[in-house]
Amino acid sequence: MRVLRPAIPLCALGVLVACAAPPPGTTQEDAARFDASAGSLGCTLRDEGDYLAMEIQTGLARQQLLDLAAYRLSTGGAERLPDGGVKLTTGACA
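According to this note's numbering, the sequence shown holds residues 384 to 477 in order.
Take every hint as true, because none was put in to throw you off.
Label-pair restraints from in silico Cβ distances:
hint, residue 1, residue 2, range
1, Ala419, Leu456, 17 to 25 Å
2, Thr472, Asp430, 13 to 21 Å
3, Ile439, Thr410, 14 to 22 Å
4, Ala403, Asp430, 23 to 31 Å
5, Gly459, Gly425, 16 to 24 Å
6, Gly422, Ala453, 15 to 23 Å
7, Arg463, Gly422, 15 to 23 Å
8, Ala403, Glu431, 29 to 37 Å
9, Ala404, Pro465, 27 to 35 Å
10, Glu412, Pro465, 30 to 38 Å
11, Thr410, Pro465, 29 to 37 Å
12, Asp466, Ala404, 26 to 34 Å
13, Ala403, Gly432, 25 to 33 Å
14, Gly425, Arg445, 17 to 25 Å
Hints are computed from structural coordinates only; laboratory data are not their basis.
In this text, a Cβ means the ideal position worked out from N, Cα and C, and glycines have one as well.
With the sequences and hints as input, model every part of the structure.
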């Protein structure tokens, strides 16, 4: 029984690390570029123009941007706006 005790905190740590990882197909650097780009757009993503600007600024594909926006929403780093847009609430956008 004592052998299992150290494994439990390690498993919990693994779960926390998994939560902090960006979506598949993206990296921490992609997430940082996403945040910086959103900051340059007033921290909100509302329409086609916002996403096109982010594609140009970050070099990321549209699906990667959508995945990162969903990731920020699910981790509390962004909030959904009434018009369907997304507003970042962390980093430079806090």
